[in-house]
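Novice: What follows is each chain in one-letter form.
4 protein chains.
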Amino acid sequence: MKGYAMLGISKTGWIEKEKPKCGPLDAIVRPLALAPCTSDVHTVWEGAVGERHDMILGHEGVGQVVEVGPLVKDFKPGDKVIIPAITPDWSSLEAQAGFSMHSHGALGGWKFSNTKDGLFGEFFHVNDADGNMALLPKGMDVATATMLSDMMPTGLHGAELADVQFGDVVAVIGIGPVGLMAVAGSALRGASRIYAVGSRQNCIDVAKKYGATDIVNYKQGSIVEQILEATKRKGVDKVIIAGGDVDTFAEAVTILKPGGRIGNINYLGSGEFVKVPREQWGVGMGHKLIVGGLMPGGRLRMEKLARMVEVGRIDPSLMITHRFEGLDKVEPALELMHNKPADLIKPVVVI
Amino acid sequence: MKGYAMLGISKTGWIEKEKPKCGPLDAIVRPLALAPCTSDVHTVWEGAVGERHDMILGHEGVGQVVEVGPLVKDFKPGDKVIIPAITPDWSSLEAQAGFSMHSHGALGGWKFSNTKDGLFGEFFHVNDADGNMALLPKGMDVATATMLSDMMPTGLHGAELADVQFGDVVAVIGIGPVGLMAVAGSALRGASRIYAVGSRQNCIDVAKKYGATDIVNYKQGSIVEQILEATKRKGVDKVIIAGGDVDTFAEAVTILKPGGRIGNINYLGSGEFVKVPREQWGVGMGHKLIVGGLMPGGRLRMEKLARMVEVGRIDPSLMITHRFEGLDKVEPALELMHNKPADLIKPVVVI
Amino acid sequence: MKGYAMLGISKTGWIEKEKPKCGPLDAIVRPLALAPCTSDVHTVWEGAVGERHDMILGHEGVGQVVEVGPLVKDFKPGDKVIIPAITPDWSSLEAQAGFSMHSHGALGGWKFSNTKDGLFGEFFHVNDADGNMALLPKGMDVATATMLSDMMPTGLHGAELADVQFGDVVAVIGIGPVGLMAVAGSALRGASRIYAVGSRQNCIDVAKKYGATDIVNYKQGSIVEQILEATKRKGVDKVIIAGGDVDTFAEAVTILKPGGRIGNINYLGSGEFVKVPREQWGVGMGHKLIVGGLMPGGRLRMEKLARMVEVGRIDPSLMITHRFEGLDKVEPALELMHNKPADLIKPVVVI
Amino acid sequence: MKGYAMLGISKTGWIEKEKPKCGPLDAIVRPLALAPCTSDVHTVWEGAVGERHDMILGHEGVGQVVEVGPLVKDFKPGDKVIIPAITPDWSSLEAQAGFSMHSHGALGGWKFSNTKDGLFGEFFHVNDADGNMALLPKGMDVATATMLSDMMPTGLHGAELADVQFGDVVAVIGIGPVGLMAVAGSALRGASRIYAVGSRQNCIDVAKKYGATDIVNYKQGSIVEQILEATKRKGVDKVIIAGGDVDTFAEAVTILKPGGRIGNINYLGSGEFVKVPREQWGVGMGHKLIVGGLMPGGRLRMEKLARMVEVGRIDPSLMITHRFEGLDKVEPALELMHNKPADLIKPVVVI
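Read top to bottom, the protein sequences are chains A, B, C and D. Heads up: the first sequence runs through residues 3 to 353, numbered per the numbering used here. Heads up: the second sequence runs through residues 3 to 353, numbered per the numbering used here. Heads up: the third sequence runs through residues 3 to 353, numbered per the numbering used here. Heads up: the fourth sequence runs through residues 3 to 353, numbered per the numbering used here.
Be aware that a few hints might be false.
Each pair may be met inside one copy or between any two copies, as identical chains are not told apart.
[Stated by the list, open to error] DSSO-like, lysine-lysine: derived pairs with alpha carbons at most 30 Å apart: (1) Lys118 <-> Lys211; (2) Lys221 <-> Lys4; (3) Lys236 <-> Lys78; (4) Lys19 <-> Lys234; (5) Lys21 <-> Lys331; (6) Lys78 <-> Lys118; (7) Lys4 <-> Lys23; (8) Lys23 <-> Lys75; (9) Lys234 <-> Lys140; (10) Lys82 <-> Lys234.
No lab work stands behind these hints: they were computed from the structure.
This is chain A alone, in the form it adopts within the complex (with noise of 0.2 Å):
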């Protein structure tokens, strides 16, 4: 079969494998619709994972299963179904501990284009098919549905991580699609005044649609300085950041009121280390948490999140600002996320 692939780094192209094999557990499943990631982008021309070679790029995306192995029970062949980015290993130490993304070691849940195979050929493998594919609801539009890959649970669940409450004020820096999410997340979580950082103008509309009230843009002014006038000084109570670098922590703590939550869905790709200003977080004292997480994959999110787009509280498609069509289509959506135009907020190839 045919994948398109990193080939090392800063080098992709097209390039013929064997079909995957099917284990007892697992399932092969065709794409239907499939949709590029930043990840593939720093995988790929930042060597963030390392160095790999000839490894199938892609984890977003929408398939049909061709075959299933013997101990599958809820799929056959034929289904439609949402594949998470992340299929965790069930029955790891770290599953059972509540932290199946990091199945068998940090982000070992993180599987496709990265320790194996990714999405973008014309077959692909998923591990514990019951545990980690959801079936397409009725109706649902793939390309929607690819939104709920990746882009949909990372940025929820830095709603989730920041622990947003009823008339919290959020903080969400950076407005990519991830950011985008995090901020229909925070609406979500009942949110009240959510800043959002950000500059590109098809951002900033889709962010008020999802909920952003006051939109915060870095290149008039230190954002630290524009939250904190508009909160009068006194912070925000909790901050996603979904943008930046290593060096966005220290504006984020500085914004925070003690007590508050730092949730971070953002890869951080280069930098030694996060610095936090030891004075802004209280000398070590004021409650200001910060953690950050891959976000959680698997059969069950998957479902609920698909619930969430059925019955409409949320609408992950405005998200999508180019569509293709046709597998071969992968390689000039990679490019555009690359190339990140400014009319892009996230493209999305239909086979």
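Fit chains B, C and D to the supplied structure of chain A, relying on the hints for placement.
Specialist: Chains B, C and D in isolation, oriented as in the chain A frame:
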């Protein structure tokens, strides 16, 4: 001063009383808008809190400060303020333990029209003014703001008690004003499907606006059967009880999945026991958690909820079906709550 | 192979059965030490789980692996292992939701001597071996280790369900082996005063060793009155129910402070309803939380509890009052549990 | 009255001051026993809280009430009371949000020897007496009781911040008095293995009595390497930081498992940044939670901890290595804390 009072069980009338005195930490306030509550009806006509003589009724309202004690720092005469139904003693051991509504004893934070005179008079007294009043945001309609005293915090607390999470399937039993706010609260914590149990058309219409996806009418058969059938016998993740009586819990337990939670915000006025069916409760082993609790009161809660209304996250004014003018109109407004005509959700009296 | 089985309600006996077959993820184990459980007594003589024919009994034990399926990675024949009473299906939706003990339905993780043959045979079958067995630590006594299957995790889960915190005043109702472990669990979560409710002298002696500060003997009057008097009518912060019946909850609710929690770990074998007294429950508004739940099983829990025993944080062997040798002795050991002589806490059979 | 004060940075001495005045909610207390704290040393010799002139030092002690304000209900002159180091403003918004120690701003509950005179004088002032003092239990040694003001609540809060659970493997970095109480707190929340990092023999001896299972001496090599080796490169579930400096967090993050928590209770007196190593922190995705916080103060906490001591759950007196008599001895006692001789853990002055 005059006030509209409970004269004794099943008897109400206007009385003359001394204007309340202001302690060092307290405030004296005159009402700007008031709302009667079903609790007032329970208090008067069911004797739910026991016998009371010449106790001024009412615990929902906004007002204008006319006097503050010498230790009050944050308020001054002339300030317009939202008054929470629950005004805790913040340094009590219970408040220190996180349960301020039970300060100095179960339900001890509920003082107005329970253990002291309420708001339906020319003036009323607020204990710990700095801790228990919130400034009325500029431009907020006083009638809308009365919904912040009790309906909105009580309903939203239901969603907190049930710990609604992203994608949860929720049942809200009862869609009077508190249940409607529980529906809104569930949607605002990211529930997917919300089964709202009720029968009155105006409440159904508002429930849908607040996010209910399915209406379950108990007049059309057992709600247990209807909900189990709608969920393919799987039941719901969470239940909020905002109506019914002590027997409603058996239904709630039966439709609840193992690991689910029941949050009760319905004042149980009669019946000796809440009966939890042993088998459906998983023979005591099913992790079906049951908790009921009085709303959190105090200043911070009012401020946070007011911000939610300000930014448009929730619009409690949809519940207001009847508006009156003049303090003397608390009498017909309370009668309306007592008689519950078909077109009533919530009446407000603007003064 | 032979096994000691429930032949039908109120009938037990030795039977011949096929040796169990090993699935790809599973293990076949022969027992090294076994303990009968009160649940076995309920199952046989009260028909608590319904009719069963020729089902081998037992769910507490340690054993030696004799066979593993081809997908098992972490165990091999010869390994000595602790077997939890609860062996979840880890990729089920319920496990993904954090309630593995209810995998595929309420109490679905309880398989041994409930929905399949238990441990009282020459061999037994363990589903998902990697997820559900733990290596017996070197040097750990096999008799002691049988306490890890059910008594210790169930008792400690009571302290988790009640959410015991530093300095809490706790009541533990029932001081059979599970209640004793609940006492130890409360002390190990930093409770201050622990009121242990029981009457048998040997249990009282061990309860004191595990940290009970006060013994409340129900034969000397109402436990409600005794505890309210001892606490100056304030009641306790938390209650763990580890004995009694459906009527015990009314006592627990009555002695509990507002904002308290009741954690039930007592299997409720009979009675139509658990009855919660409306007034003492704060008319539904008192934040007196009630939850009961089956112990968490699986490998991680076994490993963590085994480490607690290894370092001496807790010594479950204090509960072992009777020791037998030889598989055939499971018969008299179970009879002992059935008859409950005064000197019994827990019997163990070493093979 | 006379008091032992900070005259300016690096200068201390006895001064004469007006006896403090009692507000309506407050109390005036004379000390019965006092203890100097490392924070006093930081304050004076490192200028950690900035310049101060003629500020009486000390925030650990027990005393006898000599005067109460007219609004105080639960205390009267003659009562012997435990004084918490942290005395919050209970009706502040921060206290209502659950963070009373930050009332009216970060660390705002820390008043004694920070923003007002401390305890090292003939009399001292306690704000909100009903909310911030606890009766000294009958028979409790006053020297022991001084450990309740700060050492015990701060150390135990470390175990709360790290959220130690049954069977967790915990590292406690630093075993001065606060670290020793963190060791005890970890054991009292059911930790299994506790790695205590320290080097002084008397502290090591007491750490073992409090439940440390392994001592890691940083003088014998990298603590990271020692702990990773001891845990077979798996690391620990939780870390409590009770010593070291801003660079200690990098070690803590490195030895922590994904999904783990770091609870900091060490006042960070210098350094611009706490540096969190990006890779070991799971590139921001590892769910390695970091939080540091000032101890919860106030009456309830004192009462709960006092009960723990009363029933023998914990014995903080093991830390007292030096006893003095007479108020004038606060001077040599503080010098002792400043000089830290090898045999010192904690000195107490009984008056």
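Novice: Checking against the hints above, which ones are violated?
Specialist: Hint check: 1, 2, 4 fail, others pass.
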